[in-house]
Each structure stands twice: as C-alpha cells, then as structure tokens.
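Use the sequences and the hints to build the structure in full.
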Amino acid sequence: MTKAKLTLGPVLFNWPVEKWRDFYFRMADEAPVDCVNLGEVVCSKRLPFFEPVIADVIERLQGAGKEVVLSTLALIMSKREMDIVRDITAMDDLRVEANDVSTATLLAGKPHSIGPFINVYNEGTLAFFAKNGATRVCLPVELSASTLSVLAKDAGPELEVLAFGRLPLAVSARCYHARAHDLSKDNCQFVCAEDPDGMELETLDGDAFLAVNGTQTLSYTCNNLIEELAQMRKMGINHFRLSPQDIDMVGVARAFRDVLDRNLSAVEGADVLEQLSGGLEFSNGYYYDLEGGRMVAAE
Amino acid sequence: MTLPPLELVCPAGTPAALRSAVDAGADCVYLGFRDETNARNFPGLNFNDKELAQGLDYAHARNAKVLVAINTFPEAGNSGPWHRAVDSAAALGADAVILADIGLLDYTATKHPDLRRHLSVQAAASNPEAIRFYVENFGVKRVVLPRVLTILEIAALNKQIQVETEVFVFGGLCVMAEGRCALSSYATGVSPNKNGACSPASHVHYEDEGDRLVSKLGDYTINAFQPNEAAGYPTLCKGRFVAAGKESYLFEEPTSLSLGSMLPELQAAGVTALKIEGRQRGRAYVAAVVQAFRKAVDAAHAGHTPPPMDLGNLSEGQQQTTGVYEKTWR
Numbered sequence: 096m097t098k099a100k101l102t103l104g105p106v107l108f109n110w111p112v113e114k115w116r117d118f119y120f121r122m123a124d125e126a127p128v129d130c131v132n133l134g135e136v137v138c139s140k141r142l143p144f145f146e147p148v149i150a151d152v153i154e155r156l157q158g159a160g161k162e163v164v165l166s167t168l169a170l171i172m173s174k175r176e177m178d179i180v181r182d183i184t185a186m187d188d189l190r191v192e193a194n195d196v197s198t199a200t201l202l203a204g205k206p207h208s209i210g211p212f213i214n215v216y217n218e219g220t221l222a223f224f225a226k227n228g229a230t231r232v233c234l235p236v237e238l239s240a241s242t243l244s245v246l247a248k249d250a251g252p253e254l255e256v257l258a259f260g261r262l263p264l265a266v267s268a269r270c271y272h273a274r275a276h277d278l279s280k281d282n283c284q285f286v287c288a289e290d291p292d293g294m295e296l297e298t299l300d301g302d303a304f305l306a307v308n309g310t311q312t313l314s315y316t317c318n319n320l321i322e323e324l325a326q327m328r329k330m331g332i333n334h335f336r337l338s339p340q341d342i343d344m345v346g347v348a349r350a351f352r353d354v355l356d357r358n359l360s361a362v363e364g365a366d367v368l369e370q371l372s373g374g375l376e377f378s379n380g381y382y383y384d385l386e387g388g389r390m391v392a393a394e
Numbered sequence: 024m025t026l027p028p029l030e031l032v033c034p035a036g037t038p039a040a041l042r043s044a045v046d047a048g049a050d051c052v053y054l055g056f057r058d059e060t061n062a063r064n065f066p067g068l069n070f071n072d073k074e075l076a077q078g079l080d081y082a083h084a085r086n087a088k089v090l091v092a093i094n095t096f097p098e099a100g101n102s103g104p105w106h107r108a109v110d111s112a113a114a115l116g117a118d119a120v121i122l123a124d125i126g127l128l129d130y131t132a133t134k135h136p137d138l139r140r141h142l143s144v145q146a147a148a149s150n151p152e153a154i155r156f157y158v159e160n161f162g163v164k165r166v167v168l169p170r171v172l173t174i175l176e177i178a179a180l181n182k183q184i185q186v187e188t189e190v191f192v193f194g195g196l197c198v199m200a201e202g203r204c205a206l207s208s209y210a211t212g213v214s215p216n217k218n219g220a221c222s223p224a225s226h227v228h229y230e231d232e233g234d235r236l237v238s239k240l241g242d243y244t245i246n247a248f249q250p251n252e253a254a255g256y257p258t259l260c261k262g263r264f265v266a267a268g269k270e271s272y273l274f275e276e277p278t279s280l281s282l283g284s285m286l287p288e289l290q291a292a293g294v295t296a297l298k299i300e301g302r303q304r305g306r307a308y309v310a311a312v313v314q315a316f317r318k319a320v321d322a323a324h325a326g327h328t329p330p331p332m333d334l335g336n337l338s339e340g341q342q343q344t345t346g347v348y349e350k351t352w353r
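So the protein lines, in turn, are chains Z and Y.
Using my numbering, you'd call the opening residue of the first sequence number 96 and step up by one each time.
Using my numbering, you'd call the opening residue of the second sequence number 24 and step up by one each time.
These aren't lab readings, by the way, just hints derived from the structure by calculation.
Every value quoted in this text rests on a predicted model; they were computed, and no experiment measured them.
Relax, there's no trap hidden among the hints.
Output of the computed footprint for chain Y on chain Z, the stretches with three or more beta carbons under 8 Å from beta carbons of chain Y:
| hint | segment |
| --- | --- |
| 1 | 165 to 179 |
| 2 | 197 to 203 |
| 3 | 214 to 222 |
| 4 | 252 to 266 |
| 5 | 294 to 301 |
| 6 | 306 to 318 |
For each residue, glycine too, the CB sits at the ideal point set by N, CA and C.
See below:
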C-alpha cells in the first residue's frame, strides 16, 4: 500500500510573526508531516508581516526534509493582489497551490496543486485541472465519502483531503473582524490578530456556531477525520491535510501519523486529539453527507 | 460615441413570471430546470422542457432572449442531469446557458460549441486572469461578476478583459463570494453548490416563545424577534449573532441590493448587462421591479438621470443597500 502522506496546511489566522516563525520551526524539527503549505490565503494586508522571515522558514523546513508548497490567496480582487500571486507563480523552485482559478491559469503547463478553495466537485472538473498541469488536488470541504470515492477512482492527480482543523466555509470582500469592532476594512488595525483560532460567533441562544477570521468564515467546530482515515485509504486517498489551530499541532500530527502507521488505533488517536483539542469541538458531518457541523460516531 | 443601452436581465422562476418580465420590458429572462441543476432549486419553481419551449416562443416573439441557468456543480459520478439540462437547452434553442462548473463548461463547449455560454456568478470570477481562464478554455462570451467588486474595480477590470460583463443591480445579495460559501450546508446539509438551495425552507422553523419569536435554520438560531418586530426569513448570512461580546447582524442586515441610482456609473464602467435577482419572487414583484429598471435604463441611455425608484416595499426587511459597489461596505 502507498505510504500515506500528511500535509500541514497554511496558517489561516493572523499570528504574530514571531509566533508564526517559531511555529514552523517547531513543525520542521518535530512534526511527522511530509509537506508544509505556507503563505497568506485570507487577506493580502497581512502578507508584509511574515515576508521578512519566510525565507528562513522555508530553509528550515526543507532542511528537515519537508516538501514546501506555497499557498496563495483565495479571493483576488485588485491589481495589487493579482500581482502578488503572479510573482509567486513565476517562481520555479517551489510547488505552488492555487486557491483561485486565476492562479491555476498562471500555473498552466507546470506541475502545481489545486487548493480547497477551488470548486472541484466532480471528475470532469478534476480531469480538466489535470490536463492543465495539476498533480495534486486538495478537495473542497463539503464532499461526502461517496463523492470522494468516485473522485479517487479515476484520479490522475494525487488527492488530498482536509482531515483536521476548523473548516474554511466562506470568503468575502467584507471584513467581519473589522465590522465586529466597528472599524473599516481599510483601517482595520489588524484586529483579527486578537483571535489566533478565529473569533467565535454564537447564536442569540448562546450556541457556538462559526469562527470569523477577517474576510473568512470558518466553522466553530474542528473537522476531524482521524477515524475515517482507514476508509479513505481503501478508496485510494493517501494524503491528508492538517490545518493549523493554536494548539499542539506537533501532537496532532503525531496522532495522525501513528494512526496511519497503525501504531495507534483510530479510537486511540481520537482520544489523543480530544486531549490536545484545548476545548475545540469536533465535527465530521460532511464526510457522512450530513450537516458539516455534525459529529458522527465512526462505524 | 453613444454606448448601447444596458441590457436588462430579469428573473423568471415560473412561466407566469417569465411573461410578466417580458411584458414589463426585459431584454432577457433567465430561468432554470426543475431540479438540482440550478441555484434556485426551490419547491414550486422552475421549468420543464415543455414550459421552456413555450417560454422561448413567448420571449422570442417579443424580441426578448432566454438564458438557462445550469449553475450548480454536478455531483461526482452523476453528471447525467446536468448534461441533459445542457442538451435540452441547446435542443430547444435557448439563447445562452449560464454555467459555473468547469467540467460542465468543458462538456458544453465540446458538445454544443454553438450554444452561447455565460459564466455564472457562482464561478466567482473576480479578476482578469480568472476571466481569461474561462474565455480561453471554454469560449465564454459573458461573465456575471461576483458581488465582491466596487464600481471602480469593475471599471478597471473591464479595461483588461475582452468579454461582456453582467452585474447584479437589485434583489437579494450574497455577502460571501458566490459559489464559495458552505455556510448553508454546514447548518443544514443542503448545499447551494451541490443542491441549488441556500438556507432551504425545509430546514427553517419558527418557535413562538411568547415574549419572542425565534427563527431557526437546522439546529441554529438565526434570529429572534420581539412582538413588535417583523420576523424575517432566516437566511443564514442575514442573521443576528453574538461576536466580540455584542449582538449584531455581523455579516449583513436583512436588506436588498438596489443600484437604481448608479446606472450611469455602471454604464461608464463598461458593463454590458444588469441582472435582477429574484427567481423565487412572484410575478407582481417581477413586473414592478422590471418596469422600474426599464425606465431607469432608458433614461440612462438618453443621458438623463434615472428617476428615483420606489421599490423599498419590495425589499427584504424594507432596507436597501448599494452593497459592495461602494467601498465603504467592506
């Protein structure tokens, strides 16, 4: 059986640059992940913060034997943002992950990844991106097991599935972090930095519902497919993505690695994640073709 | 140089609404088949093949066009209904199909190269490179722009592309980039992208608690109303929530988009067509909105300031916004 791979997804939140750098340094040194995606996906205003350290981070990760993949913006609205992405796609030495169709155009003809913000719902779309040069596709959040199994059947590109982390549900031109603090987007004072796991949004009845990360809206619950890994591997899916939360992600990566390597049972792995979760609640509903926020007991 | 008048693209959820829109001066109507292949897959709406054929006859006899929206994302292993929808639209002589999925665009461009293709707002093509992708690969002739761009950005975009653009000017508004929002499926399991319905009525219920009326979508409270407040439909992104310690309509108030006063600016920005949202609306609504926009478009074309529109009572929550088209909205 193909050895399963783990990817650490890009940090979606606005972490202080030192924390961001140290996080990746620690992941380089300690986390049993094969690939690390990094780069700003949500808000182009945050990019300048970590530019000064990104070369050091890439060097440390590559030195530790990780494949580094550059993630790109999910929503591109201005010439400035387009130019940022154009520059990234022009680099030849690193794999780039497109999160908008525009970026896939710029990457046409060279091996690249398609990220979870591009709508790949069926084999026709998957085949088109394969023809365009995509060799790895991280699938969107709302696909069920039956869809995954169909896509895995005739997949040319390597398929990757989001297996851990708050689910990226929506992206907007509007910044809800700024709006929640009565600020304008242009003068946002980077209030999103106050919430390293996103700003929790509750219903009027006090039920936790969503998490706001600037222009992005995520689930309140943390997607967790550790107990579904074996089933996905049977389908032929061998690549799983862990999306960083402000918890012990080395521990999370070890739990997934141990379950994939059968050093832990899925149930034991789930218990480890429960202990590491720091109060995050888990969900896996999309996998079972249900509400994404539901947690279904694995068979 | 006189620009051609802006084309008015109007919703037809039913055959009656189609006739109302055409009679009220629509240049085009758009509609969908009665299944999950279109993004307004609601009970009691949409067309079968026979109704589409009749609608085409009615519209064409009055010099109006019919665009068929097949703008959800086909289910893996089950592309049949979507392919059949495209084949039917082509066979019946639709003036264009409005598509979002790349696999379906590929199918249509290959199987029906002469069938005009518009890119649905659900593809959320918000920049010149994305638009170039759809134009070069699938011969798309028009792009419906996502509601993420200001008028200034639309003007800048139109200078960089060689394809027609269509923008939403009235009706319900998505505040998230269209086709890239899974909020509804997170709460209900029903997905706009997969099933063609957002915040579906099948998952809505109201709980009368005496001192307040609670509206829910799935298990989640979307809003609660005092006895003196009008209770609105619980569209997820127009709900009242608590964040950063306070209650608010964090994503958007219950409001409708209305750009009636900005038509000259849209025309100057190089826009080809104006879209009115509302396939779920009745024919009286459609007639009133289309008539008002017909007058406004004709006035703008004649170089006059469009007359003020009195459509406030037709708007969600009786509120109107110019939305993202003005930068302060963000």
